[in-house]
Amino acid sequence: MEPASHGLRESATFDRATIHAIQRAAETGIYDIRGWGAKRRLPHFDDLLLLGASMSRYPLEGYRERCDTDVVLGSRHAKNPLRLATPVTIAGMSFGALSAQAKEALGRGASEVGTSTTTGDGGMTPEERGHSKHLVYQYLPSRYGMNPDDLRAADAIEVVLGQGAKPGGGGMLLGQKITERVAGMRTLPVGIDQRSACRHPDWTGPDDLAIKILELREITDWEKPIYVKVGATRTYYDVKLAVHAGADVVVVDGMQGGTAATQDVFIEHVGIPTLAALPQAVRALQELGVHREVQLIVSGGIRGGADMAKALALGADAVAIGTAALIALGDNHPKYDAEYRQLGSAAGYFDDYQDGRDPAGISTQDEELAARLDPVEAGHRLANYLRVMTLEAQTLARACGKAHLHHLEPEDLVALTIESAAMARVPLAGTDWIPGAVR
Amino acid sequence: MCGIVGLHLREPALEPRLGELLTAMLGQVVERGPDSAGVAVYGDPRLSPPGRAAVSLLGVTPADAEAALPGTTAVAADVTTVVHADLSVAALLAAVADALPRATVIGSGTDMAVLKGTGNPVELAESFGLANVTGWQGVGHTRMATESAVTPEGAHPFSVGPGQCLVHNGSFANHATIRRELRAQGVEFDSENDSEVGARFVAHQLSEGADPEKALRLLCERFDGFYTLLVSTSDSFAIVRDAIACKPALVAETDAWVAMASEYRALDVLPGIENARIFEPEPEEVYVWRR
Amino acid sequence: MATLIDLAETPVRELNQALHTPSTATWRILNPRGAHAVACGIREDLAVEVEGHVGYYCAGMNQHATVTVHGNAGTGVAENMMSGTVRVRGNASQSAGATAHGGLLVIDGDAAARCGISMKGVDIVVGGNVGHMSAFMGQAGRLVVCGDAGDALGDSLYEARIYVRGTVKSLGADCVEKEMRPEHHAELAELLKAAERDEDPADFRRYGSARELYHFDVDNTAAY
Numbered sequence: 001m002e003p004a005s006h007g008l009r010e011s012a013t014f015d016r017a018t019i020h021a022i023q024r025a026a027e028t029g030i031y032d033i034r035g036w037g038a039k040r041r042l043p044h045f046d047d048l049l050l051l052g053a054s055m056s057r058y059p060l061e062g063y064r065e066r067c068d069t070d071v072v073l074g075s076r077h078a079k080n081p082l083r084l085a086t087p088v089t090i091a092g093m094s095f096g097a098l099s100a101q102a103k104e105a106l107g108r109g110a111s112e113v114g115t116s117t118t119t120g121d122g123g124m125t126p127e128e129r130g131h132s133k134h135l136v137y138q139y140l141p142s143r144y145g146m147n148p149d150d151l152r153a154a155d156a157i158e159v160v161l162g163q164g165a166k167p168g169g170g171g172m173l174l175g176q177k178i179t180e181r182v183a184g185m186r187t188l189p190v191g192i193d194q195r196s197a198c199r200h201p202d203w204t205g206p207d208d209l210a211i212k213i214l215e216l217r218e219i220t221d222w223e224k225p226i227y228v229k230v231g232a233t234r235t236y237y238d239v240k241l242a243v244h245a246g247a248d249v250v251v252v253d254g255m256q257g258g259t260a261a262t263q264d265v266f267i268e269h270v271g272i273p274t275l276a277a278l279p280q281a282v283r284a285l286q287e288l289g290v291h292r293e294v295q296l297i298v299s300g301g302i303r304g305g306a307d308m309a310k311a312l313a314l315g316a317d318a319v320a321i322g323t324a325a326l327i328a329l330g331d332n333h334p335k336y337d338a339e340y341r342q343l344g345s346a347a348g349y350f351d352d353y354q355d356g357r358d359p360a361g362i363s364t365q366d367e368e369l370a371a372r373l374d375p376v377e378a379g380h381r382l383a384n385y386l387r388v389m390t391l392e393a394q395t396l397a398r399a400c401g402k403a404h405l406h407h408l409e410p411e412d413l414v415a416l417t418i419e420s421a422a423m424a425r426v427p428l429a430g431t432d433w434i435p436g437a438v439r
Numbered sequence: 440m441c442g443i444v445g446l447h448l449r450e451p452a453l454e455p456r457l458g459e460l461l462t463a464m465l466g467q468v469v470e471r472g473p474d475s476a477g478v479a480v481y482g483d484p485r486l487s488p489p490g491r492a493a494v495s496l497l498g499v500t501p502a503d504a505e506a507a508l509p510g511t512t513a514v515a516a517d518v519t520t521v522v523h524a525d526l527s528v529a530a531l532l533a534a535v536a537d538a539l540p541r542a543t544v545i546g547s548g549t550d551m552a553v554l555k556g557t558g559n560p561v562e563l564a565e566s567f568g569l570a571n572v573t574g575w576q577g578v579g580h581t582r583m584a585t586e587s588a589v590t591p592e593g594a595h596p597f598s599v600g601p602g603q604c605l606v607h608n609g610s611f612a613n614h615a616t617i618r619r620e621l622r623a624q625g626v627e628f629d630s631e632n633d634s635e636v637g638a639r640f641v642a643h644q645l646s647e648g649a650d651p652e653k654a655l656r657l658l659c660e661r662f663d664g665f666y667t668l669l670v671s672t673s674d675s676f677a678i679v680r681d682a683i684a685c686k687p688a689l690v691a692e693t694d695a696w697v698a699m700a701s702e703y704r705a706l707d708v709l710p711g712i713e714n715a716r717i718f719e720p721e722p723e724e725v726y727v728w729r730r
Numbered sequence: 731m732a733t734l735i736d737l738a739e740t741p742v743r744e745l746n747q748a749l750h751t752p753s754t755a756t757w758r759i760l761n762p763r764g765a766h767a768v769a770c771g772i773r774e775d776l777a778v779e780v781e782g783h784v785g786y787y788c789a790g791m792n793q794h795a796t797v798t799v800h801g802n803a804g805t806g807v808a809e810n811m812m813s814g815t816v817r818v819r820g821n822a823s824q825s826a827g828a829t830a831h832g833g834l835l836v837i838d839g840d841a842a843a844r845c846g847i848s849m850k851g852v853d854i855v856v857g858g859n860v861g862h863m864s865a866f867m868g869q870a871g872r873l874v875v876c877g878d879a880g881d882a883l884g885d886s887l888y889e890a891r892i893y894v895r896g897t898v899k900s901l902g903a904d905c906v907e908k909e910m911r912p913e914h915h916a917e918l919a920e921l922l923k924a925a926e927r928d929e930d931p932a933d934f935r936r937y938g939s940a941r942e943l944y945h946f947d948v949d950n951t952a953a954y
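Chains as they are written, first to last, in this note's numbering: chain A, 1 to 439; chain B, 440 to 730; chain C, 731 to 954.
Chain A on its own, in the form it takes in the complex (with noise of 0.2 Å):
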């Protein structure tokens, strides 16, 4: 009989997964590291909604009048620019969390569909290299495998500063990941507990980010896109530093943003939702008169084209995927269920990629595992997906009677709460009021 049915009372403060923390960390003495993103429930852009055309405006047509869904990233200082075919990309995630086989999925989904993939904090693998048809290189604290070779054969450069489930931390990766080939890659002992630094080795600060950037300019002769990452917290600054000190995209990833290995406590209470961070970002853009030259890249929390239209309408240039991703290759599917449990957990709760037992065969390096995932039928999986986002999108686009995503705009939204409101400076639904807007 479940407690509840007979008046018993579980606690709102004290609830069972606090309960359990609490008997875990007095069982352990250390804290609890986990993968995923924040699980909190948070301000999102399901407390938005479109204001599709009726009267006063007109909608395109379904199917046959245009709706563009391209975009160019990276046109501010770059000679050759990204040019995608829809403005989702997938996000940095390493291999070393990741499987090879995942790794090269991502690549191949994402190509399928003219989109960008991005390496992670463990250098560029040649499969991975070899399937995408757009890849980013990420430049990050840790600069593990870090090769100019790796560099000049990217598309684009990520000087990565933090991300929304950990801003202000380093990366984490523990010894059952840390296999022959991943610890060759990152020149670590096999099997010992990563701990990568939170701050750049060799510059701290915009002033001299502004310098770290002029050399990999430099070094690339000035032909890839740079982008810089921040984990959504004082992003109003943050971006007016990052557009300061060169850069030509500009990436903020919430809170929601996924990891493969952090402290929960670091998860769940560090960084700002994306909803409350994208306009923040929007507008810094727009007080430096840079909206759309220097593009804006949102992540942490996309899950299809609802959540892409709105956050293009509220002024981003494009949005990344990473955890969306990994559930179109078959991470939490139901038929591994049975296994999810035998590690003490369930299809839909699955968050221990830190662990490398990944039934899926993603988040993991064990050899076994890893060949369960074929990289091109989980590849094709992800083309699906970043299909029906786009036509989704554009969908939705269309109601509203725009003949390109980026021309959604934030009056074409409102908000049904008062929080998401406030957040995302667009009126309460059926009212003119702005939380907290000085007119």
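No lab work stands behind these hints: they were computed from the structure.
It should be emphasised that the depicted structure is a prediction, and the values quoted were computed from it without experimental measurement.
Check each hint, because a few of them may be wrong.
What the hints assert, rightly or not - Distance condition first, Cα-Cα at most 16 Å in a straight line; then the derived EDC-like pairs of lysine to aspartate or glutamate:
#, chain 1, residue 1, chain 2, residue 2
1, C, Lys899, B, Glu723
2, A, Lys79, A, Glu268
3, C, Lys923, C, Asp933
4, C, Lys923, C, Asp838
5, A, Lys39, A, Glu268
6, C, Lys899, B, Glu721
Dock chains B and C against the given chain A, drawing on the hints supplied.
Chains B and C in isolation, oriented as in the chain A frame:
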């Protein structure tokens, strides 16, 4: 985030060239701080005539200042107005507070003026007429605003005690708390800039009798975060960096001068640099040169 | 004959473009005056002489080339070098040889803080002293200090080896002194020779990782 330059002359024969040298130095750190800039100059007879009190102000024109303060003379440098009077510094400050309540005091002393503005630092130096300034010590700063507004008031140097100046590269991590503590003790602030908290803290220590060494040692104990600081007074030129010492600082020293800058290229413009002793200040070590 | 480039007249961009598609093997660069990113991203076996002080990231990500700075170097000289030799005749600022994977970096004078931070296989020989947090998280390679080392030497060290002739102000977390065995004398002698130095390997002490922080452990929480 920012670029810092400072020049303390030992050789009087170089004093006519102070402004020219400071201008050249400032021009080398523009990329570090393209938003706004400010300088403090010690000993220029036009900006701080000998024997008179000099108060540097924002938010008032020279004509309005002279009209509101009978017996004073005023000179302009970009948006800054420097007012002079045959009074004590304290008396002139009191008169300014009384007659020009909306003006912001950005510097005061008997031998120092502070000039600030927004925009490109090279153009500002031109607008200040910096190249023609003379004197025995100068400090300059170019700013890339991190969290507080880009305004002349938010530009460095922060000069909050007589003849004192502070410029900062970095970002304090607990300045909001220290600001609250100082406010509770009656200290007033002009900006939301974290660096002003450092300047007010140092001025507070100096006013309570600490020398620059002690004031900066106390700052290291109290302030968290990243900083390279250049602190000048009418008889000293001092440098300190935080324990991690990420934010750059280089010192060059000859018999004729001591100079400090964020990057070497700003020192390369100085005469005799090829024979200077060049070094980086150690973390949490206070360096002071006296006149 | 060496190609002469005067940075008083030629922008750094033109210099680097020329070094990336070189027409000759020897280069002489005049008037660097603290410029940044001088001679970075070279891919070939060139000999580059820089006549003066340079700014940040000189010879950054160097491959195969021999770059000599006849002066001081700013932050991150030879950062992420892969191969080749970079020699600084004067002093180097912070993060010299940061994250470098290979090659030899020689600093005749002093190196400031974080020399060899996250080094990944480079060999670094410093004629003078090194500042605090040198070889922080050093993963592989050798750091030789002929003078003294500052605070927290080798903090969170992985497999990089450190040799110091003078004093060490303090060791960082998980860095310990280790025995100098014959193979260490031999490799140190080779490194000193490669750096054209005449110190006696017998005067050095060796430091390395205690490897106690390799795994998250409740007993190590004070060191995290």
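Each hint, compared with the structure:
1. Lys899(C) - Glu723(B): 15 Å, holds
2. Lys79(A) - Glu268(A): Between Lys79(A) and Glu268(A) the Cα gap is close to 40 Å, so the pair fails against 16 Å, i.e. violated.
3. Lys923(C) - Asp933(C): 15 Å, holds
4. Lys923(C) - Asp838(C): 13 Å, holds
5. Lys39(A) - Glu268(A): 7 Å, holds
6. Lys899(C) - Glu721(B): 13 Å, holds
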